Structures are given as structure tokens and as C-alpha cells.
Amino acid sequence: MEKSNRRDFIKKSSLFGTGLLLASPFNITANPLKAADKVNIAIVGCGGRGSGMIFSNIPKIPSANLVAVCDIVESRRERAKERYNAQYDANVNAYEDFYEMIEKENLDAVAFATPDFWHMQHSVDALNAGIHVYCEKAMSNNIEDAKKMALAMKSTGNLLQIGRQRRSNDRYRFTHQILLEQEQMMGRLTHAMGQWNRSKIHLLQPNKNDNLDMKQLKKYGFDTVDQVYNWRNYKKLGGGVVSDLGSHQIDIFNWFLGAYPHTVYATGNNSYFGFEQADTMATILEYDTPKGPAIGIYENVSNSRAIGVYERFIGDEGSMNISESTENKIFREASVPEEKWKKFEDKGYIANLANMKEYKEKELGDSGIKETAPQISYDIKDMSGMDKVYNLQAHTAHLYNFVESVRGEEKLNYDAIESYKSEVCIYKIHEAINAGGARIKIDPKEYEI
Amino acid sequence: MENTSAFEHQAMATYFKLTIYNETAEYAENAAQQAFNLIDELEDKLSRFRPDSDISRINKLKKDEHLPIDFETWEALKIAIACHTESHGTFDVGVAEHMKIFRAGKEGILNEYETHKALEKAQAMKKQASIYVDPEQPRVYCVNPGMYFDLGGIGKGYALDKVDELMQELEIKTFTFSAGDSTLMIKNDVSVKPYFTYQITAKLDKHRLDLGNISVSASGTFHQGSHIFDPRTGQNDFKPNFERVWVAAKNATYSDAFSTACFILSLPEIEEIVQTNEQIEWVAYAIDGKLTILRKNQLS
Numbered sequence: 000m001e002k003s004n005r006r007d008f009i010k011k012s013s014l015f016g017t018g019l020l021l022a023s024p025f026n027i028t029a030n031p032l033k034a035a036d037k038v039n040i041a042i043v044g045c046g047g048r049g050s051g052m053i054f055s056n057i058p059k060i061p062s063a064n065l066v067a068v069c070d071i072v073e074s075r076r077e078r079a080k081e082r083y084n085a086q087y088d089a090n091v092n093a094y095e096d097f098y099e100m101i102e103k104e105n106l107d108a109v110a111f112a113t114p115d116f117w118h119m120q121h122s123v124d125a126l127n128a129g130i131h132v133y134c135e136k137a138m139s140n141n142i143e144d145a146k147k148m149a150l151a152m153k154s155t156g157n158l159l160q161i162g163r164q165r166r167s168n169d170r171y172r173f174t175h176q177i178l179l180e181q182e183q184m185m186g187r188l189t190h191a192m193g194q195w196n197r198s199k200i201h202l203l204q205p206n207k208n209d210n211l212d213m214k215q216l217k218k219y220g221f222d223t224v225d226q227v228y229n230w231r232n233y234k235k236l237g238g239g240v241v242s243d244l245g246s247h248q249i250d251i252f253n254w255f256l257g258a259y260p261h262t263v264y265a266t267g268n269n270s271y272f273g274f275e276q277a278d279t280m281a282t283i284l285e286y287d288t289p290k291g292p293a294i295g296i297y298e299n300v301s302n303s304r305a306i307g308v309y310e311r312f313i314g315d316e317g318s319m320n321i322s323e324s325t326e327n328k329i330f331r332e333a334s335v336p337e338e339k340w341k342k343f344e345d346k347g348y349i350a351n352l353a354n355m356k357e358y359k360e361k362e363l364g365d366s367g368i369k370e371t372a373p374q375i376s377y378d379i380k381d382m383s384g385m386d387k388v389y390n391l392q393a394h395t396a397h398l399y400n401f402v403e404s405v406r407g408e409e410k411l412n413y414d415a416i417e418s419y420k421s422e423v424c425i426y427k428i429h430e431a432i433n434a435g436g437a438r439i440k441i442d443p444k445e446y447e448i
Numbered sequence: 000m001e002n003t004s005a006f007e008h009q010a011m012a013t014y015f016k017l018t019i020y021n022e023t024a025e026y027a028e029n030a031a032q033q034a035f036n037l038i039d040e041l042e043d044k045l046s047r048f049r050p051d052s053d054i055s056r057i058n059k060l061k062k063d064e065h066l067p068i069d070f071e072t073w074e075a076l077k078i079a080i081a082c083h084t085e086s087h088g089t090f091d092v093g094v095a096e097h098m099k100i101f102r103a104g105k106e107g108i109l110n111e112y113e114t115h116k117a118l119e120k121a122q123a124m125k126k127q128a129s130i131y132v133d134p135e136q137p138r139v140y141c142v143n144p145g146m147y148f149d150l151g152g153i154g155k156g157y158a159l160d161k162v163d164e165l166m167q168e169l170e171i172k173t174f175t176f177s178a179g180d181s182t183l184m185i186k187n188d189v190s191v192k193p194y195f196t197y198q199i200t201a202k203l204d205k206h207r208l209d210l211g212n213i214s215v216s217a218s219g220t221f222h223q224g225s226h227i228f229d230p231r232t233g234q235n236d237f238k239p240n241f242e243r244v245w246v247a248a249k250n251a252t253y254s255d256a257f258s259t260a261c262f263i264l265s266l267p268e269i270e271e272i273v274q275t276n277e278q279i280e281w282v283a284y285a286i287d288g289k290l291t292i293l294r295k296n297q298l299s
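Chains as they are written, first to last, in numbering that gives the first Met the number 0: chain A, 0 to 448; chain B, 0 to 299.
Among the hints, erroneous ones may be present.
Below, simulated SDA-like cross-link-like pairs (lysine to any residue); rule was C-alpha separation at most 20 Å, straight line [unchecked claim]: (1) A:Lys207 with B:Leu37; (2) A:Lys234 with A:Thr279; (3) A:Lys328 with A:Ile177; (4) B:Lys59 with A:Ser383; (5) A:Lys33 with A:Ser62; (6) A:Lys147 with A:Glu417; (7) A:Lys359 with B:Lys116; (8) A:Lys380 with B:Leu60; (9) A:Lys207 with B:Glu164; (10) B:Lys161 with B:Leu37; (11) B:Lys61 with A:Asp386; (12) A:Lys359 with B:Met124; (13) B:Lys99 with A:Ser376; (14) B:Lys161 with A:Asn206; (15) B:Lys62 with A:Gly18; (16) A:Lys356 with B:Met124; (17) A:Lys199 with B:Glu7; (18) B:Lys116 with A:Glu360; (19) A:Lys342 with A:Ser318; (20) B:Lys105 with A:Ile375.
Everything labelled a hint here was simulated from the structure, so no lab data went into it.
Computed from a prediction, not measured in an experiment: that's the story for all the values here.
Okay, chain A solo, but in the shape it has when bound (with noise of 0.2 Å):
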């Protein structure tokens, strides 16, 4: 088309609209990169979140050049590889064994989503051979292995990025970084409460394509097959529940508070499904944050997921629920004058669920007496004065701040020494579970690498 019949037809776009079209528009570019300037990245581990980043996460990334795949079922590196290579038109390699990938590939960064247990020394081996490392929660089962990653990360200068998500979620980021801490709305927060409740732990098998040659599997770390489909269930090759589900949350307690817990009670038992891991747990976490004491409630359970999944926080002028599903809002307490909290309005912040003031009308009407008005709750509405919007689901949002930090266009959003902190308090969890309920103080030395 020609210039003037381009400037023409987006001016009638304008004035008219489209609606919704199938084109690409003329004055909107995505601007991709060239090659050279793309990070090559491999993802090991094809199961369900290795999955994730390849099919979600990476061709949203325009800085990611996915360049192999690896896993140790055929069936799943062959399907990841084919369903790729077809969806993107690419040309990703798909390998079983890590070592001959990284020897055959030239990477800049390499992503892991497998069992727990593998975690430590592949992580390390990669760092150790120059290849940034973008890891899966939680960074292993035990602590002294959390160590050695995060050493590893100091040591060799190279980047480790650890996968709790929400800490790139743009939500959670402004919540932290505007609301709380440069607008303190919520005053002092005293309570932060969470719970992920799931209907069951469900037992994943083989699909009937999946050829295993167990011979090949116990090279790998695995005993039994159901190990290799149901690894979260065995201690010697995950978390359990606390580090695969707590982990997430009880870092954004950490996180938001600005503190990290002196002071760990909890109790869980594998008494609904019997597994090696306990499928039902609470604990209670003591802080001492910069403004004072704080309580953390936190529980799982695994047989019921009708409650949901959210992050509570309770402050002496305001509170909030925040999740990644559709428990979100935010509540003034009473005494906060309405006016007092206006000017995050103003400020384009938040927005009140219960007026609908665009389509309200100036004039008094029938404003005074009619049907009883909904509880006034507020929600957060425009994202701005915050350092970085990724405007992406934040499993996106994560690896997108691990490759751009590879370039060296961002820093990390939550590096393995960050990380490491909470995994201390992950495993003093574990440690008061499998002590049959116990209280474990935390030296704050505990906490540093």
C-alpha cells in the first residue's frame, strides 16, 4: 500500500474503528532483534513447566533464541522439539543427556525445570562453564545444596535466577514497590496470612507413547517409574509441599514485610495420601520487621481446593488480598479518612470497585435513595510511576528479566542469594515438621551467604 493511502486508512481507523481485525497494523512495530543480539537459551525438563517456558514463556521473549531442548523421556524432548519447530517454524535440537547438550550447543543460558534434586549440580556445573542459569523453585531439597548454588552464582560472576515467579509479576511488583513502600497505604503491617489449597495430589502415569527403559532412568537418580512422573512425592528427590507451593508465598511474606522470620512453629503430616511428603501443614512465623512485630499464618491443603489460592496482608490503615487467580482487592480500614486514601485515586493507582464514576451521573438523579450499594473495595488500576512494567503473565515476566539481565539490559529480580534467604526459612519448616511439630528460632546469620 501506498504512504498516503497507509496515512489514510489508519486515519479512518481512528475515527471509525475497525473493531476487531485480522492485519497488522502499519505504524505499530514489534521490533524484533536481530540474531546476534538474541541470548541462545536451552530448557531442560519437557514436563509440565518446562513446557510452560517453551510454549508460553520463550516465543514472548523477542531477546530468547530457544536452541535445544533437553529431557530424559524421549517421548516428551521428542513432542517439545517437533511441536516447537512446527508452531515457530525453528529449529531447536532435542537431547537426553545435559552434558553432551552443553559440550554441542553454543549457549548463553540454559533454563532448568526438573526434580529438585538435580538442581544443585547442574546448576553449578553450567555456571562453572560460563552459562547463565535460570532455575526452577525451589533451588534444591536441602539447604547445604541452596548453598552451594548461590556460591556458585558469587563465585563464577555469572547470573542464577531462582523461579518464584510472583517476584516479576507486575502486581505484586507495585503493591511492593509503590503502595507499600513509597505510599506506606496500609500503615504498619502486622498480619501477613496465605493459604494454596488443591483439590488432591494427583498421581501422573505414563502415556501409553512414552517408551521408558528404566535401565536408562536409574542413571538419572530414578528407582521406579512413578518416581520419575511423581518426583514432589519422594524427600530424597523434592520439597514436598512446603517448598513446592509454601515456598512461593511465604517468599512474598518476606518480601512484603521487609523482613525475614526470627522465629518458625510447624506441624504436617502425610495423613490424607500417605505419600513420603506431608500433604496437609501450618506454620506460624514470628518477624521483626522495620516497623515493627509481625505474624505470619500460613497453611496447604491438599484434599480441597475450594478456598483457593491467595496471599492476605493486614496493616493498621489498610489491607489487601493479592493472588495470581481472582483474589484481588484492596480495603481501607474505617478509620482511615475516604480522603486520605483519594489521592491514590487521583493518582490513578487504585480504583474504587463499587462507583463506577465514568458512567455515574453529575447531577443528583436518583443517587440518594435506591438498591443497597456493594461493601467499597478498591482494586489496583494503572501501574505508573513503577521503575518497569513487563506488561506479562509473570512466569513470562521472570525469564524475560533473566534474559534481558543476560544482556545486560536489566538486573535480576530475584538472584539465588535473595533466594536463599527464604529457603532457610523453607527448611526450618521442614525441620519443625519433621521434628512432629516443634519451634525453631533462626540466627540471623543463618541468612547470609
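Using the hints, position chain B against chain A.
Relative to chain A, chain B alone:
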């Protein structure tokens, strides 16, 4: 038939029922779990009520901004565009603001006068909006904002079609999958199970259907009331011609989308769609308590 395993899952503000035939209970449970995980993942991508979904982020795009989206969101939006065109604008995913206004009206946040005016304003905004879906790559461009998406009319059908792909991958050939009772997918290995028998009913009539390898969706006034939303006008005062409409299609995305659309379309328009649309197999409707079925090649 032996080896029948049934599973239920709650998602997308409704419940899904999956029944798998001719597989061991263990393998069926394994497949059901993968299917339900897939539905949860799709809800995370497609629901406007999930603040981190692709659709929520598209709805927040400002003028001249663009957004990379998931392959599945891209696929669903492309089908939504096709359905909008093929249904003469009666299927429309760009009505989230209208839905928000209805809700505010029901909750008493907006009075009747304000609701009517708000709908007029939302419709005017929508008419000047331009949102482009890139035909080459999973990306959305906001040329002009003002149109906000709700994939409620297509999301459940699309989810069923993605589960169908998964079942093929898992080599499961015979299953039925229902989304909230309003969309039913039937897949059958005809050598094992030639068809499944269902029945549709109206106030004074009923009809037995032997269904195989097809998806059927329904829309009606029984649950949603006698005044429904017409995306062409942007108002919720449309009085439908039918008490209920059923659409059978080769895939669930189309049956889901067209059951909504056909409820608003006139009878001649529906006849034309049945005759010409390759995806649509048949449409049934209820008027004055009596059922009529329109099939391809049986129309003049």
C-alpha cells in the same frame, strides 16, 4: 460398554464432565488429570477475570501499544474473528465493558437510567475502536482502544477442542466431554461405539438424537431470562425469536459461538448458515414449545 470412567472438574465459572470409554481406570484418570490441567491453563490465559491473563492485558492496552500473546489466545481470537464475520456480527467477543455495566446495574451500583446511558457510551467507544490481531505471529496491536474482550462465548468450546487434541495425542478414541451442560463434545471410535443417544426437549416436544463425532451447544431463555444482549445494538433488550437453540458443529468452538449467535439471528439467516457454513452440521430450535431441526441439504 466396559471400562467407563467419569470425572468432574470446576473451572471457567462452571463444571466440566469428562467420561472416557474403553481405557483402564488408571489410564483414564491420568488422561483426565492432564485434560483438567489444560483447561486450568487455558482459563489462566483466556479469562478476563484473571488479572494476569492475555485477555486482561489486551484489555489494558493503550493506543499504539502491542502485546505478545500465547499461541492459544491467538488461535481463539482468530476463530472469534471468523465467527463474528460468519454470524453477521451476532457473535462478538468485544463486549466485556457491556457485561461489566450489566453487572453494575444488577448490583445497584448504576441505576436503570445510568445503565442505559452507560451501554450507549460503551457501544460508541467500541465502534471507534480498532484492535488488530497479527495474522503472522501471536501478537495483538491496539490501534485505537475502546473495545474490551470477554471470551465467555467461545472459551469453553475452545477448551473442549484443545482437550480433543490432547486425547488424540494420548490415543484415547472414545469420550464425551461436557462444559457446564451447555456444550457437549462426543468423540467415538465407531467400531467400538457407533453413537451416543441424547434427547433434546421443548415444553411440548422432545427429540431423540444419535450423536457421533460431533459437538452440540445450546442457548436459551430458561436460565438467562427473556431479555438478552444483542452485540449489534449494544443493549440488553432483545426479545429472542426462540425459546432455545441447539447448534451441532464439527468442533466445539463453533458450536459454542454459533449457539449464542443463532439465538439472535432470524430464521432465514440461520437457514443460510446451516446451508453454507462448513463447520455447522445442523441447528435445532424451539418455538411455542415445539422443536424443529434444520439439516444441511434438507433446506430449499
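Each hint tested on the structure:
1. A distance of roughly 18 Å separates the Cα atoms of Lys207 of chain A and Leu37 of chain B; the hinted pair therefore holds under the 20 Å criterion.
2. Taken as a hint, the Lys234 of chain A and Thr279 of chain A pair is honoured in the structure, with Cα atoms around 15 Å apart against an allowance of 20 Å.
3. Distance hint between Lys328 of chain A and Ile177 of chain A is fulfilled; the C-alpha atoms sit about 16 Å from each other, no more than 20 Å.
4. With a CA separation close to 13 Å, the supplied pair Lys59 of chain B and Ser383 of chain A stays within the 20 Å bound.
5. Our distance criterion of 20 Å between C-alpha atoms is met by Lys33 of chain A and Ser62 of chain A, whose separation comes to about 9 Å.
6. Between the alpha carbons of Lys147 of chain A and Glu417 of chain A the distance comes to roughly 14 Å, so the proposed pair stays at or under 20 Å and holds.
7. Proposed proximity of Lys359 of chain A and Lys116 of chain B is supported: the alpha carbons are some 9 Å apart, at most 20 Å.
8. For the given pair, Lys380 of chain A sits about 13 Å from Leu60 of chain B by alpha-carbon distance, which is consistent with the 20 Å threshold.
9. Our distance criterion of 20 Å between C-alpha atoms is met by Lys207 of chain A and Glu164 of chain B, whose separation comes to about 15 Å.
10. Between Lys161 of chain B and Leu37 of chain B, the direct Cα distance comes to roughly 8 Å. Compliance with the 20 Å bound is thereby established for this hinted pair.
11. Restraint check for Lys61 of chain B and Asp386 of chain A: satisfied, since their Cα atoms lie roughly 18 Å apart, inside the 20 Å limit.
12. With a C-alpha separation of about 17 Å, the suggested pairing of Lys359 of chain A with Met124 of chain B holds against the 20 Å cut-off.
13. The hinted pair formed by Lys99 of chain B and Ser376 of chain A meets the criterion: a straight-line CA distance of about 16 Å does not exceed 20 Å.
14. About 17 Å separates the Cα atoms of Lys161 of chain B and Asn206 of chain A, which keeps this hinted pair within 20 Å; it holds.
15. Taken as a hint, the Lys62 of chain B and Gly18 of chain A pair is honoured in the structure, with Cα atoms around 14 Å apart against an allowance of 20 Å.
16. Taking the CA atoms of Lys356 of chain A and Met124 of chain B, the gap is about 17 Å. The hint holds against a cut of 20 Å.
17. Distance check on the hinted pair: Lys199 of chain A and Glu7 of chain B sit about 13 Å apart at the alpha-carbon level, within 20 Å; holds.
18. Distance hint between Lys116 of chain B and Glu360 of chain A is fulfilled; the C-alpha atoms sit about 9 Å from each other, no more than 20 Å.
19. At most 20 Å may separate the alpha-carbon atoms for a hinted pair to count; Lys342 of chain A and Ser318 of chain A meet this at roughly 17 Å.
20. For the proposed pair Lys105 of chain B and Ile375 of chain A, the alpha carbon gap of about 16 Å is at most 20 Å, so the pair holds.
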